[in-house]
Amino acid sequence: MKLMDRNGGLAGFIARRRIPILIAGVLLIALSLWQAGNIEAKTDIQDLLPADNPQAEAFTETNELFSTSNILIAIEGTGKDELAARAEELAAGMATDSELAAYIRNITLGLDREFLTTRMLWMANEDGFADMKEFLKDPHLVPLLTAFNDNLENAWFEEGSEEAVTPSDERELIDMYNRTGQLASLLTRYLAQPEQTDGNAMSEALFLGDKYMYSPMGDMILFRVTPSFSLTERDVLSRVMERVNGHIEAARKAHPDFRYGAAGDIPQEADEEAAMGFDTLYPALAALVVIVILFYLSLYSLRSVVFTLVALCAGIIMDLGILGATIGELNMITSSFGALLVGLGIDFGIHLISYYGELVGRGIVPEEALSQTLKKTGKPVFIGGLTTALAFYALCFSKTKGFVQFGFVAGTGILTVLLAMFFILPALLLVFGRSAGNEKRWKLEYRFLGTWGRMLERRFMVPVVLAAAAVTVFLAFQIPKLSFDYDMRHIGPQNTPAKKTEERILDKLGISPFPSYLTVGSIEEARTFTDVLEKEKLVGMIDSISDLIPSPDAQQKRAADLAGFRESLGPAYEYVFGEEERETLAYEIQRLEWNLIEIADMTAATLGDDNRLLAQRDHLIREIRGRETGREGDELFQKAIEAVGRATYEDLIAVDAAFARGFIDLRDAMLSETSPVGIRDLPEDIKRGLVSSDDSRFLITVFPTEDMVDNAGIFAFAGAMERIDVRITGAVQLALELAREILSEMKAAGLLVLGVVAILLLVTFRSVSATALALGNLAVSVVWMMGLYALIEKMNIVNALALPLIIGIGVDYGIHIIHHIRLGHDLEHTLSKSGKAILLSALTTMIGFGSLALLGTFKGIATLGILLFLGASMCLVCSLTILPALAIKMFFPANKRNADTTELLGKRQ
Amino acid sequence: MKRFAQLVWILAVACTAAWAQETAREIIEKADAVRTTTSEIMTMKMDVYDRMDAATPDSSVVLESTGNSDGDSIIVFTYPRSVNGLTILSKDEGQWVYFPSTGRVRKVSGAAKSGSVQGVGGDFSYEDLGTGDWGEDYAFTLVETLESGWVLEGTPEKEDISYTKIRIMIAREDYLPRWIEYYRNGPQPVKKLLIHETKVWDGVAMPALMEMQNLEKKSRTVLTISDAKVNTPVDDGKFTAARFYR
Numbered sequence: 001m002k003l004m005d006r007n008g009g010l011a012g013f014i015a016r017r018r019i020p021i022l023i024a025g026v027l028l029i030a031l032s033l034w035q036a037g038n039i040e041a042k043t044d045i046q047d048l049l050p051a052d053n054p055q056a057e058a059f060t061e062t063n064e065l066f067s068t069s070n071i072l073i074a075i076e077g078t079g080k081d082e083l084a085a086r087a088e089e090l091a092a093g094m095a096t097d098s099e100l101a102a103y104i105r106n107i108t109l110g111l112d113r114e115f116l117t118t119r120m121l122w123m124a125n126e127d128g129f130a131d132m133k134e135f136l137k138d139p140h141l142v143p144l145l146t147a148f149n150d151n152l153e154n155a156w157f158e159e160g161s162e163e164a165v166t167p168s169d170e171r172e173l174i175d176m177y178n179r180t181g182q183l184a185s186l187l188t189r190y191l192a193q194p195e196q197t198d199g200n201a202m203s204e205a206l207f208l209g210d211k212y213m214y215s216p217m218g219d220m221i222l223f224r225v226t227p228s229f230s231l232t233e234r235d236v237l238s239r240v241m242e243r244v245n246g247h248i249e250a251a252r253k254a255h256p257d258f259r260y261g262a263a264g265d266i267p268q269e270a271d272e273e274a275a276m277g278f279d280t281l282y283p284a285l286a287a288l289v290v291i292v293i294l295f296y297l298s299l300y301s302l303r304s305v306v307f308t309l310v311a312l313c314a315g316i317i318m319d320l321g322i323l324g325a326t327i328g329e330l331n332m333i334t335s336s337f338g339a340l341l342v343g344l345g346i347d348f349g350i351h352l353i354s355y356y357g358e359l360v361g362r363g364i365v366p367e368e369a370l371s372q373t374l375k376k377t378g379k380p381v382f383i384g385g386l387t388t389a390l391a392f393y394a395l396c397f398s399k400t401k402g403f404v405q406f407g408f409v410a411g412t413g414i415l416t417v418l419l420a421m422f423f424i425l426p427a428l429l430l431v432f433g434r435s436a437g438n439e440k441r442w443k444l445e446y447r448f449l450g451t452w453g454r455m456l457e458r459r460f461m462v463p464v465v466l467a468a469a470a471v472t473v474f475l476a477f478q479i480p481k482l483s484f485d486y487d488m489r490h491i492g493p494q495n496t497p498a499k500k501t502e503e504r505i506l507d508k509l510g511i512s513p514f515p516s517y518l519t520v521g522s523i524e525e526a527r528t529f530t531d532v533l534e535k536e537k538l539v540g541m542i543d544s545i546s547d548l549i550p551s552p553d554a555q556q557k558r559a560a561d562l563a564g565f566r567e568s569l570g571p572a573y574e575y576v577f578g579e580e581e582r583e584t585l586a587y588e589i590q591r592l593e594w595n596l597i598e599i600a601d602m603t604a605a606t607l608g609d610d611n612r613l614l615a616q617r618d619h620l621i622r623e624i625r626g627r628e629t630g631r632e633g634d635e636l637f638q639k640a641i642e643a644v645g646r647a648t649y650e651d652l653i654a655v656d657a658a659f660a661r662g663f664i665d666l667r668d669a670m671l672s673e674t675s676p677v678g679i680r681d682l683p684e685d686i687k688r689g690l691v692s693s694d695d696s697r698f699l700i701t702v703f704p705t706e707d708m709v710d711n712a713g714i715f716a717f718a719g720a721m722e723r724i725d726v727r728i729t730g731a732v733q734l735a736l737e738l739a740r741e742i743l744s745e746m747k748a749a750g751l752l753v754l755g756v757v758a759i760l761l762l763v764t765f766r767s768v769s770a771t772a773l774a775l776g777n778l779a780v781s782v783v784w785m786m787g788l789y790a791l792i793e794k795m796n797i798v799n800a801l802a803l804p805l806i807i808g809i810g811v812d813y814g815i816h817i818i819h820h821i822r823l824g825h826d827l828e829h830t831l832s833k834s835g836k837a838i839l840l841s842a843l844t845t846m847i848g849f850g851s852l853a854l855l856g857t858f859k860g861i862a863t864l865g866i867l868l869f870l871g872a873s874m875c876l877v878c879s880l881t882i883l884p885a886l887a888i889k890m891f892f893p894a895n896k897r898n899a900d901t902t903e904l905l906g907k908r909q
Numbered sequence: 001m002k003r004f005a006q007l008v009w010i011l012a013v014a015c016t017a018a019w020a021q022e023t024a025r026e027i028i029e030k031a032d033a034v035r036t037t038t039s040e041i042m043t044m045k046m047d048v049y050d051r052m053d054a055a056t057p058d059s060s061v062v063l064e065s066t067g068n069s070d071g072d073s074i075i076v077f078t079y080p081r082s083v084n085g086l087t088i089l090s091k092d093e094g095q096w097v098y099f100p101s102t103g104r105v106r107k108v109s110g111a112a113k114s115g116s117v118q119g120v121g122g123d124f125s126y127e128d129l130g131t132g133d134w135g136e137d138y139a140f141t142l143v144e145t146l147e148s149g150w151v152l153e154g155t156p157e158k159e160d161i162s163y164t165k166i167r168i169m170i171a172r173e174d175y176l177p178r179w180i181e182y183y184r185n186g187p188q189p190v191k192k193l194l195i196h197e198t199k200v201w202d203g204v205a206m207p208a209l210m211e212m213q214n215l216e217k218k219s220r221t222v223l224t225i226s227d228a229k230v231n232t233p234v235d236d237g238k239f240t241a242a243r244f245y246r
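Those protein sequence lines, which keep their order, are chains C and Y. If you use the numbering used here, the first sequence corresponds to residues 1 to 909, in order. If you use the numbering used here, the second sequence corresponds to residues 1 to 246, in order.
Hints in this document: simulated from the structure, not taken from any laboratory. Quantities reported herein were computed from a predicted structural model and do not represent experimental measurements. Be aware that one or more of the hints could be misleading.
[To be verified] The calculated lysine-lysine pairs, modelled on BS3-like cross-linking and capped at a C-alpha distance of 30 Å, are:
1) Y:K192 with C:K537
2) C:K535 with Y:K199
3) C:K508 with Y:K217
4) Y:K218 with C:K535
5) Y:K107 with C:K137
6) Y:K199 with C:K537
7) Y:K218 with C:K537
8) Y:K218 with Y:K192
9) C:K535 with Y:K217
10) C:K535 with Y:K107
11) Y:K45 with C:K537
12) C:K535 with Y:K45
13) C:K133 with Y:K91
14) C:K537 with Y:K229
15) Y:K238 with C:K535
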């Protein structure tokens, strides 16, 4: 400060060392750009939490031990066979791509059929095994369908009728509907062309289901690409997704009737990284363009505008350099710092070049103009900048990693921009701006501010204060209506290709894309937890090792049961397919249809009319609502009944015999394995997602139901998981943890920033009343900001940062107004002189935040932009209305003001 | 003297117990009498909440229930659309379900008596909705006398009752229950029925808004009776499974 107080001490230094300063600036920029290359974008929530947070630790352990990352390719279209062909083509293309090969561990098109066949009876639970024994007794269609129907009716209308349908039941039922539908469809086809009968296909359709991963309605096929790299390898991630998207694009062009997309954490991360890159650059660039136009219309020379922007960019690049050399990463909160610094940092330049331009315009030589500029405006600009920087730095005391990083990046950014404005800008003005006079062109004069100041002081003081009080009361009552959005899906970039694909998968499969994880130390522990989790209504699906490997006791018993069952089968017998069998077959297919209709009826009562099973039934059969029949379905069972009625005996016998042969082959394969199932038997891609590489840790993956659509659903799911075990982690738990931390930290950070600002104000003003007035102005602005925001949006974990930020940002305007009034100026003078700089400062800040609000692809960032745009505009409105009205009353009552002003003017003369 | 005092004490306790038992029986008989009607035709809505704290129901059904003096009942679902016309006949000898979508009638096994009404009754089981006399099903003792009524504890006297104990609070005002706790092999109730509102239909007071809380599953089901006709003639021939086929 002494440097500036000594009338041009700093100006003299700059004047003498202008060239070395610029050279040093260029070197610093080069060094900073080099260091900025070290910055990584991190989009995961756990990157915002402290490393010792138990949920974050558990999540990190899960990522380290298990291969959970994947690229899920979804293809939509008509016809299962066509979808399978498209999936095979695309997968083959990817598998043979030499550039992709190094980064892909494997491509999984469907379940491992051999494992499923040979281990199905080992993995089945007691009831399931008992059912299978009934089904596998007789290889012919009539006895099999009879056993199947008997079993269905017993399970659903006798034993099971007392329980409501759970999500797990719904999924199993959809699978069963699909399998029986396929059998009916194949029967119809083969009865029309008996020579083509594939008995294996029929029995596999019924017992194993689809070979590929289809949606329940069969209109989407999914396959999984497992990467050989981790999510942290950012450069690889982008390269791989470019290649994958290239294959998808080529497939889309070759088959325009099919819809292709990629989802999963790899595409999502790639999209988020691209979005973060966009949010860091483009909103800031857009803000720069608008600010240049505003400056061109407002300031004295275009050259000075360019110099200010050069200094601003230099300050931001230096901040990036420091960021690269220290923290080395950007997260979803810190990614907004570019636009933030454009909005805030430019303010320092505005104050300097506004005054400098006026002096140069009056014919004062640049060195002298610079000296006077630094003397008159240097102190408030420096204090304002320091206040804002300290406010940001105060966030470094937060426990939340995201807040700490943001505080450091933004605080350092303010200081580097301040440094650039005090050294690089003046040096540029002296070296290149010597001939830049006050250009003779049309400019915005902002005279209305002086007129408003005069009218405010003479006529509107009381009405303005009363109106402001009424608005404050109204908006204060809106604040309690503010709600907090805990749904992480609303924070990230919206409408990205991965997000859209993910939403379509969610819509078709009904499983939330945000799984939770629990890592346990043994298969038995996994079984205990899986049993508990399966009873939880909000759990849609569970992947657990215990579903694949039964307990040793159960396997021992199963080995004996299987041996007994093998012996009980006996030799094949001669089956006679007569007239009675034709009628019975038709009846059993009809009975099957009835059972499927009635089971779906039952689910309608518990899951509602729009449940997936009902949709599946309507698709396979027809739309049935009570006694009413609606839209047509595929009528798979009626077609099969007609085919049975039409077929000759020879054809029926041929198809039944072929089915029996396929059935026996499959049954033999099912009974072929005599040793218990162990970890070593698991297919590699399944094992990697369930068992750690040293076979010592086991992962349970829990997918919530689609009910997790609002805060209540999120809390209910997270609460249920916490009650089961506090170690259960995942995006939902991490988001809640972060939200809780941020909500508590927001208040603490706000108070901390407020404390720092209050101390700085007291030091600057040396007046309690002036400090109280500045803080009061800020408080009213914050009430207006929050009240207005409550009417349009929800709070989230990113924009919660706005509260401490606006305290650091908004206080500046009041400082300038109070400072001017305390010098003895009336409101006309205050607002015509300080008002222009304040208005321009506020407009640039609003442009900075507005660019985030309009262009920010991360919704959290965009809502932060909206909130801070409102905050800056409310601070401006308050600083131009109630603050001057109250300040003039408080510091210079009319009678005193005239005398003091006369005295002051006398002193000046 | 000591022996005489003991005798007096035993007699006093025995007399008090006998008096209390009689009182409990009287109360439950009056409560049964209040509940006894020759027929009931009710339109009701059942909202099932999967979570105790949920604000909106996870599923809802609307049904019309008809009961006769023998304790037989017919429930016809009218909402949602997919179960419109689904009918459940309950008699002493079992339950039958009629599916309008297929036109079939199914006999439901007795094992389901303790379960939810065909899976659609949420937390109400057949047993909970049954119209049998409490006095016949349970042996009651008076456990607490309140200003507003009495708390009675009942232990089952029939083998097919799935609860091991119930506690009922009978209101002095109208002899209608205000809450019932259901126990099953444990010190804590597994379910609790709350009667939030009563109404008088055709001169008979009846619960109009009931909430069954399933304390094990942490779910609840709210039953709202929107309309009722009581003691009006009902064709007893309706209460046969054969009638479904017509």
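For each hint, the structure was consulted:
A threshold of 30 Å between alpha carbons decides the hint, and for K192 (chain Y) with K537 (chain C) the separation of about 21 Å falls inside it, so the pair holds. Taking the CA atoms of K535 (chain C) and K199 (chain Y), the gap is near 38 Å; set against the 30 Å cutoff, the hint is violated. Annotation: proposed proximity of K508 (chain C) to K217 (chain Y) holds, straight-line Cα distance about 29 Å (limit 30 Å). Distance restraint check for K218 (chain Y) and K535 (chain C): the Cα-Cα separation of roughly 12 Å lies within the 30 Å cut-off, and the hinted pair is therefore satisfied.
Restraint check for K107 (chain Y) and K137 (chain C): satisfied, since their Cα atoms lie roughly 27 Å apart, inside the 30 Å limit. For the suggested pair K199 (chain Y) and K537 (chain C), the alpha carbons sit about 35 Å apart, so the restraint of at most 30 Å is broken. With a CA separation close to 11 Å, the supplied pair K218 (chain Y) and K537 (chain C) stays within the 30 Å bound. The suggested pairing of K218 (chain Y) with K192 (chain Y) holds, with an alpha-carbon distance near 11 Å, which does not exceed 30 Å.
Distance hint between K535 (chain C) and K217 (chain Y) is fulfilled; the C-alpha atoms sit about 9 Å from each other, no more than 30 Å. As the CA atoms of K535 (chain C) and K107 (chain Y) are separated by approximately 28 Å, the hinted pair is consistent with the 30 Å bound. For the suggested pair K45 (chain Y) and K537 (chain C), the alpha carbons sit about 23 Å apart, so the restraint of at most 30 Å is met. Between the alpha carbons of K535 (chain C) and K45 (chain Y) the distance comes to roughly 27 Å, so the proposed pair stays at or under 30 Å and holds.
The suggested pairing of K133 (chain C) with K91 (chain Y) is violated, with an alpha-carbon distance near 36 Å, which exceeds 30 Å. A distance of roughly 37 Å separates the Cα atoms of K537 (chain C) and K229 (chain Y); the hinted pair therefore is violated under the 30 Å criterion. Taking the CA atoms of K238 (chain Y) and K535 (chain C), the gap is about 39 Å. The hint is violated against a cut of 30 Å.
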